[in-house]
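Q: Protein chains in written order, with the working numbering: chain V, -3 to 269; chain X, 16 to 522; chain U, 207 to 497.
No lab work stands behind these hints, which were simulated from the structure alone.
Honestly, I wouldn't trust all of these hints.
[As the list claims (entries may be wrong)] Sample of chain V residues lacking proximity to chain U, with all beta carbon distances greater than 10 Å (derived):
#1 Pro42
#2 Ala105
#3 Pro117
#4 Pro172
#5 Ala189
#6 Arg220
[Said to hold, decoys possible] Ranges of calculated distance between the beta carbons of each label pair, as one might list FRET restraints:
#7 Arg256(V) - Leu480(U): 33 to 43 Å
#8 Ala388(U) - Lys268(X): 50 to 60 Å
#9 Arg256(V) - Leu345(U): 37 to 47 Å
#10 Val251(U) - Met244(X): 48 to 58 Å
#11 Phe310(U) - Arg1(V): 29 to 39 Å
#12 Thr36(V) - Lys264(X): 15 to 25 Å
#13 Gly258(U) - Asp510(X): 17 to 27 Å
#14 Gly258(U) - Arg256(V): 51 to 61 Å
#15 Pro42(V) - Leu345(U): 19 to 29 Å
#16 Asn360(U) - Thr36(V): 54 to 64 Å
#17 Lys268(X) - Val46(V): 24 to 34 Å
Glycine included, C-beta positions come from ideal geometry on N, C-alpha and C.
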Amino acid sequence: MRKIRLAPIYFVLIIFAIIFMFPLYWAIVSSFKMSGEIFTNPWGLPNKPVLDNYIKSWTLGGFFRAYINSGILTVSTVAIIVILSSMVAYPLSRYNFRGRNGLFYFIVAGYMIPPIAILIPLYFMLKSMNLIDSLLGILLAYVGLNLPIPVFIMRSYMSTIPREIDESAYIDGASPWYVFWRIILPLSKPAVATVAIWTGLITWQDFLYALTILLSPENFTVPRAILNFYGMYATIWGYIAAAFIFAILPMQIFYLIFQRQFVRGLTAGAVRG
Amino acid sequence: MEGRISRRKALSTIAKVGIAAGIGVVVGAVGGYLGGRVATPTVTKTETVTKAAATVTSTVTSTVTVTSPAGPATVTIPTTPTVAKAPLTLWHLWTEGSAQLDWLMTYVEKFNAENPRTYIKPVYVENEIFKRQIVTSMAAGNPPDIFHNWGGWMYLFRFAKEGKVVDLTPYMNDASPYIPGVPWKETFLPGRMAQVRFTDGKIYGVPLMLLFESIFFNRKLFEEYDIPMPRNEWTWDEFKQIIEEIKEKTAGKEIYPIALGNAVAWTGLIYYMYFVLRLAGADYVEKAMWDPSLRFDTDEFIQAGKLCQELVDIGAFNPGFNGLRDTDAAMLFANGQAFMEAIGTWIYGQALSYNQENPKYFDVVAWPHFPGEVDSVNLVGGGDAYAVAKTCKYPDDAVRFLQLFLSPESQKMLLFHCNVLPGIKTEYLGLTKDEEKQLSLLAKHEMELASQATYICNYWDQGLPPIITEAVLETMIALFGKTTTPEAVAKKLEDARQQWLKEAGII
Amino acid sequence: MRKHPSFFMQIILPFIVLPLAFYLLFRLGPAFVALYTSFFKWDGVGSMKFIGLENWINLIVDDVFWKAFRNNILLAIASIGIEIPVGLFLAYILMIEPIKGKIFFRTAYFNPMIFIPAAIALLWKLIYFPVGGPLNNLLLQLGLPKIDWLGDPNINVWSVILVVVWQWTGWYFVLSLAGMSAIPLEVIESAIIDGASRFRLLTKIIIPLMKSNLFLQITLATTGSLMYFDLFWIMVEGGGPGHSAEVLATWLYKQTFMWSKVGYSCAMATFLTLITFLIGFYWIRQVARAS
């Protein structure tokens, strides 16, 4: 291949970087300005940075509560999904029983059921169990939402673990649960990480279920809280910009630290055909 | 092998911790769900549960208002009641920092301090969410004891028909302790009373105030640009001329004749309602709810639609109005970027939160007149009302609170602190000469217009049955967005009305 | 490895029972409930009234439904036509050229994916604000007329699609990266030695070898476009004038939560599920065939 000048390539790459990052830049820059300045000086750095927007939107938006709710929900959903999906993947990956593939595709095909499609029945079901406007209710919905793909990921990975490991453990007299819990699962750490990231991201970002199932502000997750905040303070742009930063901050920090795992994790499931 | 054992051990302990955390979290979530139920008046239960699972569950204070209390006003619940007072939950729509909330809390605290048996527990619900939530909670059987509504069919009469609202007529026929000597119902503005009195003649709601919609304008801008000031007798042609003149004189600037944010539909609806009011009469729509011979697909309705689109065509509105909300339009109007806005009397308070200066120059004017119009004096309006749900265990106490809230002293606070017109007649307000002097020009003009009106047409999106409301809101967005014709709009409204008549058993 | 058949079910079952129960109760079950409910008329509180195919017939004649469907298709076209090629292109450049700071670019391109969509919607609502917003401000300074991004019924659907594309291109970029890195280095090197140009390398070698990955991307793009909700709901409340920016998900949502037409929305939900299944299965078969 002919060697070409890299400068135009860098130019293109940087243009795209700007395209993808400019809203974040605008949000950061605007969050330190008073509302009037956001209109007169939209793209420049703030003349006199203020913290007022952050202070106000933190208290008025109820972000503390929202962080807690989102955090608890995400962690619990991830924990439950990791356990459930690996539980189901374990026999599916090691035992040849009739209906094994059928069961596998049965569960994974669930991915093709759009969340919006099951929202309505789920809503009424939860309502009849009196679980609307409760974190437990939305937790159950999230578990159902997240089950198919993690099963796929876990089984794919577990299939690569040699069965001899199981065999030797059984010969030593271990029970299947022991083999699963103490041996296979720890060996599946990369897949568990993938599932955790996948599930965590989806749960953290979910808006549809939060909008429908959560009704009281004290139960709101972060996506729902920012919508509520917008309803009240939409015209105070400084607040909205600060609220945006609050909304994305936890995941952003997580992402910057673990970005390799993020990228690897989110594509591993797709690539491992 | 050692490495593997220690790693395994580490992972298993992590797993154990994770399971324990997971179980703890699920338990906490259950507790949270138990504590998170807002509307049920089971005081002791929620208090003990929430104290136990403090990190996850909603706390008692959070059921008072959404936002963290800025001052003492929001914390009204005694933390360790010596005698367990029963709470009366009250759902309201007033945000933190609003004047109306101050007003409400002043009288809530007064009532709570004086009342041995019950206390009012105000709960803030966001406007759009409230519309959904009040319906679902009424249906589920756990509504709040006292709830906000706008009178009319959409909510109050619907619930009244289902027998879910306390009939206030006996209370209304007696005198209120704060206005002795006259039946309570006589102290209210007649236009407002009509909106809370159901077809069975019974009164189900207590009007809190009068809000009406009309054209508001910024005197300062008109003076600055030397444009003839709107006046109550102005005609439609004069109105259009003023718009043209504004456009000429502000060319190139980001100042527009009229602020409008029609993504919410009811803002554009104001225009349509007033055109129909002028051309067909203020009570036409209410009568048409019962009279099959009156129709919505008449020339008057089509003309109303044409007039709306005419305003769009001559560029009377700020750009982007199809995608903006009422709050965005209020911001433009408050910041002096629009000369006029067709909006309600709440605009003064709303605009203050954007701009402290400009609202001082706000004024109100009657809707432009048409040659041969049917109605020249009436208004489109309504106002917040409170009603008491049948499930309330202490309706007498609830009514006593409402009587306090409607006392002359309270209504005066409404007028002076919130700049909202009272729901009781001026003669019962007991204004002193000094107080009269304090009234702003805007308030004086508003009261003038209100006193001229013999009938107040309730907002179509509050006062009419849901099936017509849907059609109305949808068509307004399409009408102003010019994706439909005035004829199609009129037809859609008439179709909806026909369906309502069928369902109501009238035809 | 086989266990004694007598222990068989005793061992397998406990592992499967609990997850399967969750799956049936909270994912698959509701889909069938939706199917069942689609044949009834129900307002959510009263009793259900059997009306047979009436909801389905109403669906066919509902022109807002078709408008929404059209918008979903537009979204799918934009996803397949922009997100995937741009992602592929960027991944290719980053892989082929000796670029310093690949990690920086990869981080930047993927970053929008980790933002909460609801937050993006609100931020972009501000960016799109017609009077005084940064975009229109920029246009004003360039002497161009203002654009009514979210209000104009002719373009507001595209304004939202633009934001979706902006967010999701990073995802397809990363998928292409992964797909390309799975291609053995020798194949690429030998092609270069054989004198292939950049263009040829991409079109004749890399893309064919990435076929299953690309088909997977197309699957995700189409199914994702059909079920998309968040941005359309928040950025254009009410669906825009004449429902110009309505999508299937938002229209479905409104049926139940604004107008209490539960049966009707279940018909729509079932339709959505069926279509997603059909398209999903078609493309998954392509993926399987290509790998």
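Q: Per the hint of 37 to 47 Å, is the separation of the Cβ atoms of Arg256(V) and Leu345(U) within bounds?
A: Holds, at about 39 Å.
Q: Does the Cβ pair Lys268(X), Val46(V) satisfy 24 to 34 Å?
A: holds, 28 Å
Q: Return holds or violated for the Cβ distance of Thr36(V) and Lys264(X) against the range 15 to 25 Å.
A: For Lys264(X) against Thr36(V), whose Cβ atoms are near 23 Å apart, the range 15 to 25 Å holds.
Q: Would you say the C-beta atoms of Ala388(U) and Lys268(X) sit inside 50 to 60 Å of each other?
A: holds, 59 Å
Q: With d taken as the least Cβ-Cβ distance between Pro42(V) and chain U, does d exceed 10 Å?
A: Holds, because the least Cβ-Cβ distance between Pro42(V) and chain U comes to about 14 Å, which exceeds 10 Å.
Q: Range hint 19 to 29 Å: satisfied by the CB atoms of Pro42(V) and Leu345(U)?
A: Since Pro42(V) and Leu345(U) have Cβ atoms about 23 Å apart, the given range 19 to 29 Å holds.
Q: Do the beta carbons of Gly258(U) and Asp510(X) sit within 17 to 27 Å of each other?
A: holds, 24 Å
Q: Is the Cβ of Ala189(V) more than 10 Å away from each Cβ in chain U?
A: The assertion about Ala189(V) holds, with a minimum of 16 Å to chain U.
Q: Going by Cβ atoms, does Arg220(V) stay more than 10 Å from chain U at every point?
A: For Arg220(V), whose nearest Cβ neighbour in chain U is about 8 Å away, the distance does not exceed 10 Å, so it is violated.
Q: Against chain U, does Pro117(V) hold up as non-interface, every C-beta pair farther apart than 10 Å?
A: violated, 4 Å
Q: For the range 33 to 43 Å, tell me whether the beta carbons of Arg256(V) and Leu480(U) fit it or not.
A: This hint holds: roughly 39 Å between Cβ atoms.
Q: Does the Cβ pair Phe310(U), Arg1(V) satisfy 29 to 39 Å?
A: For Arg1(V) against Phe310(U), whose Cβ atoms are near 20 Å apart, the range 29 to 39 Å is violated.
Of the numbered hints stated above, those contradicted by the structure are hints 2, 3, 4, 6, 11 and 16, listed in ascending order.
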